Amino acid sequence: MLTITDLAVKFPSRFGDFTAIEDVDMTIAPGEIHGLVGESGAGKSTVGAAVIGLLQTPGYIAGGTLTLGDTDLRDLSDGQAHAIRGDRISMIFQDPQTSLNPLMTIEDQLVETIQAHSDVSHAAALKRAVDLLEDIGIENAAARIKSYPHQFSGGMRQRVVIALAICTDPELIIADEPTTALDVAVQSQVLDLIRRLARDRKIAFMLITHDIGVIAQVADRVTVMRHGKVMETGETAQVLGAPRHPYTRALMDAVPPLDRRIDRFRVPQEADTGPITQDNAAEAWLLEGIEQDPIGLSLSNLCVRFPGTRTSLWRKPDPYVALHDISFDIRPASIMGLVGESGSGKSTLAKAITGLVTPSSGTMTLGDDTLPGGKSRSRHHPSRQLIQMVFQDPYSSLNSRQTIGAILAEPLWFYGFTPDPSDRRRLAASMLELVGMAPDAIDKYPHQFSGGQRQRIAVARTLLARPRFLICDEPTSALDVSIQAEILNLLKDLQAKFGLTILFISHNLAVVRQMADDTAVLRNGRIEEIGSTEALYANPQADYTRTLLSLTPVMPISWQAPTG
Amino acid sequence: MIAFLKRYEGLWLFVHSPAAMIAALVAALILIGAVFAPWIALVNPYDLASFSLFDGLLPPAWEDGANPKYLLGTDDQGRDMISSILYGARLSLVIGIAALTIAAVLGVGLGLAAGYYGGRFDAIIMRIADVQLALPAILTALLIDGIARGILPAAIQQDLRVAVLTLAIALSLWVNFARTARASTFVQMKKEYVQAAIMMGQRPSRVMFVHILPNILGPLLVIMTVDLASAILLEATLSFLGIGLPADSPSLGTLIRIGMQFLLSGEWWILWIPTLFLVALVVSINILGDFLRDVFNPRLR
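Protein sequences, first through last, are from chains X and V. For any residue, its number in our numbering is found by taking its place in the first sequence, counting from 1, and adding 32. For any residue, its number in our numbering is found by taking its place in the second sequence, counting from 1, and adding 1.
Among the hints, a few may not be true.
As the list claims (entries may be wrong) - Between beta-carbon pairs, the in silico distance windows are:
(1) X:Asp49 with V:Leu12: 18 to 26 Å
(2) X:Gly321 with V:Leu136: 52 to 60 Å
(3) X:Asp475 with V:Pro154: 46 to 54 Å
Note that these hints are calculated values from the structure, not bench results. Predicted model, so just to flag it, every value in this text is computed and none were measured. For each residue, glycine too, the CB sits at the ideal point set by N, CA and C.
Starting from the given sequences, assemble the full structure and let the hints guide the process.
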């Protein structure tokens, strides 16, 4: 039905045309879910935008054909293209928070869309809207339709977005990362809905995602893209199960499996990540600085409350409980995994340990010493050096106005390790080598590096504080899978070499399984389950853990890379 | 060449924006003229001995009855218009830049601290700023001027005119800086590099000035150019109203006030030439400010 041949999209710039995608061929049949997978910058979204005619200016289609049924999509006037959008092609966006108009009720948005595309009365449009909402799983739709978007939860909102997309009976829906902003439980509901719509209504889906697990779960056929070109296309089982292209193979290798633990990810050696050299000065410096044994952390009855929203001028507002009665021990030189959905309090816990948030009760003990919480921890407390943190977003964790050298020298200077600036520079350069970067990066600025490289620099900075306890807060969730594999390997190596104790926070159960010795499952600020990782994944005790595990998209065993 | 321009994106935009180039040229000419006024100008308008009443009210060189020595004519005192304008611009720029510097230091410092500490400190600073915003700039200046006249002995009042004027202008401009600095600081405080610095236990002053300040300089620079134009205009307004600088040390505003008396008497140049000069100065600074805003905001390109 949708046929794309030789599609090329270019973006003119001052320095010549930039080719975003070229030689893209693809066909999608009615009722087919066609996965479009690739890492960032692969040009997935550009394909979708070209089909629906919403390329970002000044991008233009430089060649190829695009046909939907018997309509040539390149041949349309602006008016005709506008009529086709919504009527025959719809779009589902990534973030349900921003793709609905917050000032209009769901009723207004649905009725407006239906009436814009077919000549029906308001009452008929409303009836259709209510039926549609019932059909996609919103209970009591006749009453709920009067609500505003903010009165729905994230998953419900994404259902409303889907309702908006299908209310005009389109032939093709382009879904651009439709579940990326959602928690696993909600994600699986949305994916079920997409599958049902494709089956029952014969709607074709172009499912754009970076998540191979999602593709494996719902897509009939899949196209793998890289650098604007199609690497491989075919039946999902064939492409993922028996990939022909080495890139697909590498991509599959980098996906952490949920059902077993592998020691190292296989990553293709990139040019800029040479092997860690022997006799590294930074390594010697780190090892020599280890005067004390690996350090453990124990939390007992830790509570964090935030002031709630005031509902009355006279009453004190009820506090919002972010963490409730958290107690666990992290053994010295072990990795504790912390999993939970968004809002479960994972990051709050990290902030409480680092002293950015003041706990309202409970105690923290680092090694043998009590760790004062929040504001009562002085600026010169030893824990400020012993505890370091790797942040989630490598684009904001490095000061963009400082050179890499200045960023790396800061902990050395601040903790008074090396008074001499040239020593600091030398040590910073060899630390870059230790984390797998070229030492000449030292005079560059953060924006000259990719996300994965920045994350390596961030790791280097934490190591230069000679930490004994590392908190990694979603260190790879902003990165592509192949980069994620590299960073996870790096963290494992460093942990083993220097006997670091790590608290590894992630929403991704598969990643935690690869990293952690013990795992704690957090939900709504309470610990649901805690235990050794192997036992917890093999035999989960709490219902919540079981649900989480069963909803995480997995690939059939036979598709996975052989253990190695 | 391309690599060079890619690196200096702002320069590329500059050479491709005729408006910005003309504005920069005009502003640079005025600045040079103002700085070198004592060497360029024909007469010193502050020195009563250097001009003569007999040369009064001469029209510009292209009109009948002009003295070619005075290219743009003279005013009623016999002062050469070009000289008066150059000296006036010098005074206006000095007051404008000094006021701007005070406003920027005060505003950015308070704004940074408000954004960093938040809570009660932030609330107090921002309420003061709100009160300041509720008073029109001219009213603030009049107030300071009135207080200065009330408490300062008459003898030194004359000498402190420039200082009082500068302070008055600075006090009405700092709010812009404070609000922008605070808002940008709030954004930076959420960034993880700031959290990392706080976590390490770095001094608040270091976090504010070494980490946050360089990252919020962009919008502040834009405000600086736009506010320089406001400061010059404000000075001109105050002098025009007669509470700024006296007639014997004229700034641009004073010159325009003097010219007002000749608006309908046929000696048009005494009013119009300083006015057009002021307009050219303010417009070119504003165009440069707009240009800077585009450079710092990639989305507007």
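For each hint, the structure was consulted:
Between X:Asp49 and V:Leu12 the beta carbon distance is about 23 Å. The supplied range of 18 to 26 Å therefore holds. A beta carbon spacing of about 58 Å between X:Gly321 and V:Leu136 agrees with the range 52 to 60 Å that was offered as a hint. With their beta carbons about 59 Å apart, X:Asp475 and V:Pro154 fall outside the hinted range of 46 to 54 Å.
In the structure shown, a violation is registered for the earlier hint numbered 3 alone.
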